[in-house]
Amino acid sequence: MIPAAFDYIRATSADEAIAALAEHGDDAKLLAGGHSLLPLMRFRLARPAVVVDIGRLNDLKYIRDEGDHVAIGALTRHRDVETSEVVAAKVGLLGEVTSHVGDPQVRHRGTIGGAVAHGDPASDIPSALIALGAVLVAAGPSGSREISVDDFFAGFLETALSPEEVLTEVRIPATDGAWGFEKFNRRAQDWAIVGCSAAVRADAGVGVALVNMHPTPIRAGATEAALAGGAGAAQAAEVAAEGCDPTEDLNASVEYRQHLARVLTRRALEAAGL
Amino acid sequence: MHWRMKAVERVSVTINGAEYSHEVEPRTLLVNYIREQAGLTGTNIGCDTSSCGACTVHLNGESVKSCTLLAVQADGEDILTIEGLADGERLHPMQESFRECHALQCGYCTPGMVMAAVSLLKENPSPSEREVRLGLEGNLCRCTGYHNIVKAVLHCAAGASATNGGAQ
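Taken in order, these protein sequences are the chains called D and V.
Counting in our numbering, the first sequence runs from 1 upward without gaps.
Counting in our numbering, the second sequence runs from 1 upward without gaps.
Mixed in with the good hints, there may be bad ones.
Claimed, not checked - Computed footprint of chain D on chain V; a stretch qualifies when at least three of its residues, placed anywhere within it, have a C-beta under 8 Å from a C-beta of chain D:
{"no.": "1", "region": "46-59"}
{"no.": "2", "region": "78-88"}
To be verified - Restraint-style ranges between C-beta atoms, simulated for each label pair:
{"no.": "3", "chain 1": "D", "residue 1": "Asp-150", "chain 2": "V", "residue 2": "Ile-45", "range": "38 to 44 Å"}
{"no.": "4", "chain 1": "V", "residue 1": "Ala-86", "chain 2": "D", "residue 2": "Ala-4", "range": "49 to 55 Å"}
{"no.": "5", "chain 1": "D", "residue 1": "Glu-158", "chain 2": "V", "residue 2": "Lys-122", "range": "54 to 60 Å"}
{"no.": "6", "chain 1": "V", "residue 1": "Asn-124", "chain 2": "D", "residue 2": "Thr-12", "range": "31 to 37 Å"}
Keep in mind the hints are simulated off the structure, nothing from the lab.
All residues carry an ideal CB built from backbone N, CA and C; glycine is no exception.
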């Protein structure tokens, strides 16, 4: 199917994109790589009156080693994250998780900022950012602000970004700790039925987050608390689904998702050496 | 100031080395532009869900699904389709390998498979069988003829390394 008609604005800077959003408000959607938005528009699940194309904002395509953290421009493609030596050395979990997103063609176009700003609970990347404790940087008419990943995902496909804000950067604390990622799906390239990211962070805490277990990407808080209290991987994984409100769909019942969360969390923790 | 497209806008692209320029609606998908405006129908449309990869072309040398790009996103860029792969009458080594290994049945997925496979070998010239299977996960064969497709890609990679070895 072909999307419904829309007006097209090609922004040549973040400021232009912010101005266009300020002018059109809720009628406008940002287009980065387009691999979340265009499928929705083709099914007419999204019908923005105005599409603001930020795909050519080359100054938001970068991966920088900032010592205690890695800064990734929002328009950086999955392919570039997946193959980055800086990412592999300092935030290895994110590189591994990114290599499981979609398929090679999707990763040639999709961007880290787009994947995060879409706010999809079934997306793999937010789980890595939650586990690693990332900070998201948003620019709006009144300047720039930092948002903790824990405050970012507000609801199903909803984020803390206001309608006139543009996500510009993702900052991930560096760690040389071990990590694990588990993704369960039935077919290649499918979304995760459930997934789990786990990372030993530089502060020696362990971050654990789940894919597709809640209306938003979600931290496995009970598991993290159990680990902090001295529990081993198997014991901590038993409480992985606590606090989660998963949905039932063609792939899985609620109970099956809870089961998968426990099993995948145990495997991810074991892969992280716990 | 941002510049704003009118209801119909001009898109200029290079496809297979030739320049094309047309007025399109912004909602025009790249695959429809390639097939209907540029008249190159070797690129197929297989699904409506960005899943099947039949529409795979190269954008600036990398595989993309042309059903999941707007034509306006490709404005000014370099596109290669299946029609541009052969050198005149001489097939591209990947096309030759698909022929040699019987890597097509109905042939519908073949243009996308070949384009995805060429992109894969550019990024990973000597893949393992597993890497080929993972590298082609974005392309579905409705005949389920994956076995010979994987063979063809490995055959092509082996041929390229043999050629390079011979040249040294």
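Hints versus structure:
Coverage of the region 46-59 of chain V by chain D holds in this model, with 7 residues showing a Cβ closer than 8 Å to a Cβ of that chain against a need of three. Coverage of a stretch by a chain is defined here by at least three residues with a beta carbon nearer than 8 Å to that chain's beta carbons; for the region 78-88 of chain V and chain D the count is 0, and the condition is violated. Checked against the hint of 38 to 44 Å, the C-beta distance between Asp-150 of chain D and Ile-45 of chain V comes to roughly 42 Å, which is consistent with it. Our hint of 49 to 55 Å for Ala-86 of chain V and Ala-4 of chain D is violated, since their Cβ atoms are close to 38 Å apart.
The hinted range of 54 to 60 Å is not satisfied by Glu-158 of chain D and Lys-122 of chain V, whose Cβ atoms lie roughly 39 Å apart. For the pair Asn-124 of chain V and Thr-12 of chain D, the beta carbons lie near 34 Å from each other, so the given range of 31 to 37 Å is met.
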